[in-house]
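Next come the chains, spelled out residue by residue.
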Amino acid sequence: MVKLIIDNISVNYNSIQALKDINIKLEKGTMVSIIGPNGSGKTTLLRSIAKIVKPIKGTIYIDNKNLNNIPLKELAHHVSYTSPTFKEGFDLTVGDIVFMGRYPKTGFIMKHTDEEIVNKALNTFHIKHLINRKIEELSDGERQKALLARSLAQEAEIILVDEPLAHLDLKAQLEVLKILKNEANNGKLVIITSHTIDLPAKYSDIIIVMKKGQILAIGKPNEILTEQIIENTYNIKCKIIKNYEYPIVMLLDTISD
Amino acid sequence: MNVSYIQSKYSRLIFSVIILFILLIIISILSISIGSSFINVSIAIKALIDPSEVNQTIKIIIWDIRIPRTLSGIFVGMLMALAGLYMQTITLNPLADPYLTGMASGALLGVSIVIVLSPIIFGPYIITISAFLGAITAMIITLTIASKFRLDPIGLVLGGIAVSMIFYSFSAILQFIGGEKMVTIIIWSLGSLTTASWQRTWFVFITTLILLPPSLLMYKQLNALLLGDENAQTTGINPKITRLISLIVASIATAVTVSMFGVIGFVGLISPHLARLTLKSGDHLLVLPLTCLIGSIIILLSDTIARIIGSPGEFPLTPIMSLIGAPLLLYLMGRRWKHG
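Order-wise, the sequence lines are chains G and V.
When we follow this note's numbering, the leftmost residue of the first sequence carries the number 1, and every step to the right adds one.
When we follow this note's numbering, the leftmost residue of the second sequence carries the number 1, and every step to the right adds one.
If you are wondering where the hints come from, they were derived from the structure by calculation, not from laboratory data.
Among the clues, some could well be false.
In silico BS3-like pairs for lysine-lysine, Cα to Cα no more than 27 Å straight-line [as the list claims (entries may be wrong)]:
id, chain 1, residue 1, chain 2, residue 2
1, G, Lys51, V, Lys240
2, G, Lys54, V, Lys148
3, G, Lys212, G, Lys3
Predicted, not measured: the structure shown is a model, and the values here were computed from it.
The following block holds chain G by itself, in its conformation from the complex (with noise of 0.2 Å):
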């Protein structure tokens, strides 16, 4: 079962190309990882799916549903996205941020049910402490996952998450993929993006790499990451050791362009 049709699309900022004749296909139950360097239209790929940019050909379907023809308010039960982005002064806490997540469910005054989901999902990422303290008081770790909790209480079966990893520790990391890769196996169809390769290759079903607006490969983390689409993609050399679970990447040095 289709669940995501990203049929040909490109996309324009200003004059500069940013995404140019891309084509997937992803099903629900999946967890995928677009990989590439800076620049190479990661996140314009995220927002196209948001509907935060608009393509200047091609269409995107959801549920075989055009993506122009669902009002924003519908599509936040179908899509949730989350960019690392957050703005100090305003005192929210972290209550306030995930209840947001039911916003799209909830009319002027939140219910009982609504709480339990955010609790939920307070729970899954083991926050449920710092419900009263305020954002800009949190550990960069803390902050990445009341915004990925209040993802989760959206309830939304495509999760779009730009760059989870920025600026977590190692044990952070593994946390955040882990429960992200659970959505997935729950039947989400979850959608990061990465700079780095090791961890997206260990959790993900799917991996995308991309370079310079177009999709170099796309397929499992085994069968695509090789030493040569590495090298293409970074313009760096490494080397990948396959006789293991997940393919490791062990990067050497850069190569002069």
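Following the hints, complete the assembly by docking chain V onto the known chain G.
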């Protein structure tokens, strides 16, 4: 830890609103008693409850002068605090104030034109109308500039600064030409409730009544803006439309206030901070009503102080508020940095 988060939040809101409301009533009664002639608090209360019990002079002072002034103060405080909260939220800048879109300078130019260029003395309502037109004109120009930047926080601030500079320059030139009429403009630009009357009270009351309830209904949209436009949008909220509505509401609140009582500054800047500090939360469902109540209290207190220390005349409002408020703001900001 079994206490429901929502319940504790809502009860915190109700508790703070009740406390502040009682405080507001006490200050209102004080503000009615105090002025160029001091009226005993018990007599003032008697005059409020049963005006036929007190002598005619006191009745006139209280019902025709003091009460409209106090009520005006309450609603002006609410409007300016609300406008300040809106501006801070939609520009994601905790130091934004209601005049950020150039409305103070626009209104000032409107007033300067009338005072300086007219050889005849106009009635006070001509000043009100031209101040209103000036404020709205400045706001529309800022909005047009900001929409070129897709109506984002940076566009609003850039547009507002540019418009303010241009309008202030025109006002300065006019004041230079105007010579001794400059004093009138300066007094107006410092804000005062002296011009309060029943008519004006009704006007600010109705404005508050129209603007406040819809603002509260918009609390989710305002909260979502604080997470940035991209995150906001995927909770089903259109950040551009929210920002536009907020801007219009803040503009009407500011334009009405500034045209009737001059440039009343500071209250819009500080009230939202005090509200967030009291509530230990940034949720607009809680912050918005509290911000308005705090705005009323600040205006009434400052106005009362302005009348006491200026006696037998009175001091302008904004300098009094800033004198008390600026150290308070520094203290609040300092606390935040230390926590940072």
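Indices of hints not satisfied (ascending): none
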